[in-house]
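Those protein sequences? They're chains A and B, same order as listed.
Under our numbering, residues 373 to 487 are what the first sequence spells out, in order.
Under our numbering, residues 135 to 241 are what the second sequence spells out, in order.
No wet-lab data here; the hints were simulated from the structure.
Each hint should be verified, as a subset may be incorrect.
What the hints assert, rightly or not - Taking lysine to aspartate or glutamate pairs in the EDC-like style, the calculated list, with each CA pair at most 20 Å apart, reads:
1) A:K475 x B:D192
2) B:K190 x A:E474
3) B:K136 x B:D161
4) A:K475 x B:E191
5) B:K201 x B:D161
6) A:K475 x B:E179
7) B:K201 x A:E474
8) A:K475 x B:D189
9) B:K201 x B:E149
Here the structure is a predicted model, which means the values were calculated and not measured.
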Amino acid sequence: ETGVTQSPTHLIKTRGQQVTLRCSSQSGHNTVSWYQQALGQGPQFIFQYYREEENGRGNFPPRFSGLQFPNYSSELNVNALELDDSALYLCASSLEPQGVGEKLFFGSGTQLSVL
Amino acid sequence: QKEVEQNSGPLSVPEGAIASLNCTYSDRGSQSFFWYRQYSGKSPELIMFIYSNGDKEDGRFTAQLNKASQYVSLLIRDSQPSDSATYLCAVRRALTFGSGTRLQVQP
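Bound conformation, chain A alone:
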């Protein structure tokens, strides 16, 4: 149990719709990173938020956007859903973004299916 919670656990959407996924970070953690994990693949880095600012972004289009709130919880928004967006979305919190020893604590994930 990492203390990182994600909601919802499962979600079914249709192509073209928009979705919002939520994450509450572990107590004391000010950094949240989001990942997309397709079946049989490793997690792919989407972006990271540190103290409410985006602090790095992976190779994902602008229709993937995010927010971090003053309590360090975070949202991932995906617009204009495509079939390939079907994946497990993982949120991970950490103590700081810049340290060499950045250890990630993952939530249980949101399984998104796009039909």
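Put chain B on the given structure of chain A with help from the hints.
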């Protein structure tokens, strides 16, 4: 070339044997390396991290880092069926993960 490469497996070892998992990376500037374990249907959990060249031991797990050759490995001694999972190698920069190696420990 992928930033982090792992053999997808499955790597099958008998119970009690040593399992050896390998990972290579392309970014020479990477400073920290992590091994995560992911059970089927679950999220990744951190099991080891290493920053310096050489070996780091934690219980049955040993991480090995060779920056000159750009590889990091994980040894699991006395493998147990409960070790059966996918092992993900991660590199600090861009928090990049490999695709994982699936380990099967046969009772």
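When you check the alpha-carbon spacing of K201 of chain B and E474 of chain A, does it fall within 20 Å? Between K201 of chain B and E474 of chain A the Cα gap is close to 19 Å, so the pair holds against 20 Å.
Quick one, are K475 of chain A and D189 of chain B close enough, alpha carbons at most 20 Å? Holds, because 19 Å separates the two Cα atoms, which is no more than 20 Å.
Does E179 of chain B lie within 20 Å of K475 of chain A when you go C-alpha to C-alpha? holds, 10 Å
Hinted pair, alpha-carbon criterion (20 Å max): K190 of chain B, E474 of chain A. Please report holds or violated. Satisfied, since the Cα-Cα distance of roughly 17 Å is no more than 20 Å.
If you draw a straight line from the CA of K201 of chain B to the CA of E149 of chain B, is it 20 Å or shorter? violated, 31 Å
For the pair we were handed, K136 of chain B and D161 of chain B, check the Cα-Cα distance against 20 Å. Status holds; Cα separation ~10 Å.
Does the alpha-carbon distance linking K201 of chain B and D161 of chain B stay inside the 20 Å limit? The given pair, whose Cα atoms are some 10 Å apart, holds under the 20 Å limit.
Are the Cα positions of K475 of chain A and D192 of chain B separated by 20 Å at most? holds, 16 Å
Quick one, are K475 of chain A and E191 of chain B close enough, alpha carbons at most 20 Å? holds, 17 Å
Of the numbered hints given earlier, the model fails hint 9 alone.
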